[in-house]
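Asker: Spelled out from the first residue to the last, the chains are:
2 protein chains.
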Amino acid sequence: MNMTEPIRVAIAGHGNLGRGVEAAMGHNPDMQLVGIYTRRPPEQLRPRQPGTPVFAMETQPGHAGRIDVLILCGGSREDLPRQGPEYAALFNTVDSFDTHARIPEYFTAVDAPAKANRRTALISAGWDPGMFSINRILGEALLPDGETYTFWGDGLSQGHSDAVRRIPGVAGAVQYTRPVPAAMERARNGSRPALATREKHRRECFVVLQDGVEPGPVREAIVTMEHYFADYDTTVNFISAEELARNHAAMMHGGFVIRSGKTSANTTQTIEYSLKLDSNPEFTASVLVAYARAVHRLHAMGQFGAKTVFDVPPGLLSPRSAEQLRAGQL
Amino acid sequence: MNMTEPIRVAIAGHGNLGRGVEAAMGHNPDMQLVGIYTRRPPEQLRPRQPGTPVFAMETQPGHAGRIDVLILCGGSREDLPRQGPEYAALFNTVDSFDTHARIPEYFTAVDAPAKANRRTALISAGWDPGMFSINRILGEALLPDGETYTFWGDGLSQGHSDAVRRIPGVAGAVQYTRPVPAAMERARNGSRPALATREKHRRECFVVLQDGVEPGPVREAIVTMEHYFADYDTTVNFISAEELARNHAAMMHGGFVIRSGKTSANTTQTIEYSLKLDSNPEFTASVLVAYARAVHRLHAMGQFGAKTVFDVPPGLLSPRSAEQLRAGQL
Ligand SMILES: NC(=O)c1ccc[n+]([C@@H]2O[C@H](COP(=O)([O-])OP(=O)(O)OC[C@H]3O[C@@H](n4cnc5c(N)ncnc54)[C@H](OP(=O)(O)O)[C@@H]3O)[C@@H](O)[C@H]2O)c1
Ligand SMILES: NC(=O)c1ccc[n+]([C@@H]2O[C@H](COP(=O)([O-])OP(=O)(O)OC[C@H]3O[C@@H](n4cnc5c(N)ncnc54)[C@H](OP(=O)(O)O)[C@@H]3O)[C@@H](O)[C@H]2O)c1
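Note that the protein sequences, when read in sequence, are chains A and B. Numbering-wise (our numbering), the first sequence opens with residue 1 and increments by one. Numbering-wise (our numbering), the second sequence opens with residue 331 and increments by one.
Any given hint could be a false lead.
[Stated by the list, open to error] What the simulated footprint calls covered on chain B by chain A, stretch by stretch (three residues with Cβ under 8 Å from a Cβ of chain A suffice, anywhere in the stretch; the number is not a length):
{"id": "1", "region": "588-599"}
{"id": "2", "region": "606-619"}
[As the list claims (entries may be wrong)] Derived contacts from chain A toward chain B, CB cut-off under 7 Å, selection only:
{"id": "3", "residue": "Ala23"}
{"id": "4", "residue": "Pro129"}
{"id": "5", "residue": "Ala141"}
{"id": "6", "residue": "Gln210"}
{"id": "7", "residue": "Asp211"}
{"id": "8", "residue": "Thr268"}
{"id": "9", "residue": "Ile271"}
{"id": "10", "residue": "Lys276"}
{"id": "11", "residue": "Ala290"}
{"id": "12", "residue": "Gly305"}
{"id": "13", "residue": "Thr308"}
{"id": "14", "residue": "Phe310"}
{"id": "15", "residue": "Asp311"}
[Said to hold, decoys possible] Computed from the model, here is a short list of chain B residues facing chain A with C-beta under 8 Å:
{"id": "16", "residue": "Arg466"}
{"id": "17", "residue": "Leu468"}
{"id": "18", "residue": "Pro643"}
If you are wondering where the hints come from, they were derived from the structure by calculation, not from laboratory data. A quick note: this is a predicted structure, and the numbers were derived from the prediction, not measured. Just so it is clear, CB atoms sit at the ideal spot from N, CA and C, and this is done for glycine as well.
With the hints as extra help, turn the sequences into a complete structure.
Answerer: Below, the structure is given as structure tokens:
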């Protein structure tokens, strides 16, 4: 492509993901961050680069001509179901909607306004959904006679940490999801094991108790909690508030997509994709930024409507032209 | 897509890859193998499924109406430079052209006849080039501030095995390329090491000597061989012809694409894609078959000319429809 004009990108929502997009923009010289939009009073935000303009969300409709791609960084539960369809009528968008079960409904809600207004809206990018999804469908397409396993971790789970924090007597907590190495080995070796929930992952909690609270009942409340911990082997460690702040602030995550299958009777083939992330939101944001480049190009080609990562040719994510990619990267 | 008519696929060239395509077709019920074409007398070939028709290569021009996608399974050195452009004028094609340095030239040679005849020709699919290439460009796009490392192996290298076999006194030989674990660890940990050739891979040969030949000079001839072994730490094992046949007939291969980079000052992120293949040609063939499905769809969309794996949306490789993929696989 090698366009001389940088792609003008804006951020809607300045949480972990929004700040990650700011960081990622600095590594992509073919793009320019033209603004951050927030529902909070703009003066409350502190962008990474002090010069970046911050706008109130409601000024957006007037800014359609200034933005090539708007990256939606709101939460999947409350924000995106409203923001996705609304902004897809005004901008080309990228988001990381990750409520897997509601993706078809969300796709439809975004597709209609995007098509009606000749916009391109890429939904559910990131790593899961996102890069892991791509690897799941490719694994299945390349090795149809096989089995796919997704393992998550080692990683901090926001939802499970929140669940622990809601237990009476808990002053602070984080929860790590850890894949079980023996299960991963079985997934890799082609034996196609049926792995129970408990066999695949274990959970480890680091908990700060309020003053004078007994650990025993808190531990019991955690390990027996339905939907969250009851089906897992869970370890609970009690630590100090200082240790929590010092050692458990990083939003590390990652995981593995393993596809193992046979191409003939005695021939086992294994494909594995893995991520080891010091920061889940910064990596997710980096994916969104690369897809912003692809969305800009899809829009220029006249491909309007809602899209997913399954619809995007990999070459469109690269800043290099198709010729450059063929010459140097194939 | 869910087309009721199966995609009619044919094979041009019945070597390791051609036989792999035959095996892969059995796992893809939305496709049908309609024939194998060979330059040898057709009666000399034994297809996996006795019912598969075998044709002389020169009958192909008359068969254009019977074949949706022709998978070219000839060698990259001698066969594809002629067959690729010739058949792209008559059929939609997929090939695994793997002479990396000559890809731009080959692309141009295939693109012109394909465009002129409204055909779609996917070149250089497989795993390297192919899946590894996709992971190299995605790694770079997602983590622009980083470094990419490709390791190959453990795997049997045809070219290096041939080089050993040409040494006087050698009756038979295989060569394995093995990645050095310490180098892989350094590539993964984000320190972005500069790795010399010798540090990344080592080479191991299993050699059968002709009667009465001394091993010393043969070992010396191998380890000092320019371009092949001189830059590597090479181990040479002398074995019997029986052991060679028993333990070293499998065309195992595989490798790793590792991208490690920073998204902010202290945040290291690592992406790793790996393959562990009992059979290199069977896996390569499975990739070609999945791309045959994609080529059939691209052709139906009017996307003519030469394409590479960078141009193909991942969803087109799957037998499932876009709706099915969004509902179940994202
Ligand atoms: N696909 C994937 O692989 C993947 C991976 C990770 C995350 N995600 C998705 O990304 C979404 C966003 O994650 P996140 O970690 O960025 O969420 P977050 O930090 O909670 O931010 C969500 C929104 O809350 C608002 N906000 C942030 N900090 C605030 C504060 N101090 N006070 C009041 N409001 C604040 C911001 O909007 P305003 O600026 O408008 O107030 C922000 O856009 C998640 O819901 C998840 O669905 C997807
Ligand atoms: N992209 C990747 O990742 C990747 C990976 C592996 C291989 N490859 C490529 O795949 C190409 C083909 O590999 P291959 O292992 O299939 O090569 P191969 O076994 O040597 O077959 C090449 C051609 O030679 C002919 N042939 C095969 N057996 C023969 C025999 N016994 N006598 C005479 N002719 C015979 C066949 O054509 P006819 O039937 O017309 O005689 C066949 O199409 C390689 O050159 C390589 O470039 C790519």
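Asker: Against this structure, judge whether each hint is valid.
Answerer: How the hints compare with the structure:
no.	hint	verdict
1	588-599	holds (count 6)
2	606-619	holds (count 9)
3	Ala23	5 Å, holds
4	Pro129	5 Å, holds
5	Ala141	4 Å, holds
6	Gln210	32 Å, violated
7	Asp211	33 Å, violated
8	Thr268	5 Å, holds
9	Ile271	6 Å, holds
10	Lys276	4 Å, holds
11	Ala290	4 Å, holds
12	Gly305	11 Å, violated
13	Thr308	6 Å, holds
14	Phe310	3 Å, holds
15	Asp311	5 Å, holds
16	Arg466	6 Å, holds
17	Leu468	6 Å, holds
18	Pro643	5 Å, holds
Hints 6, 7, 12 from the list above are not met by this structure, while the remaining hints are.
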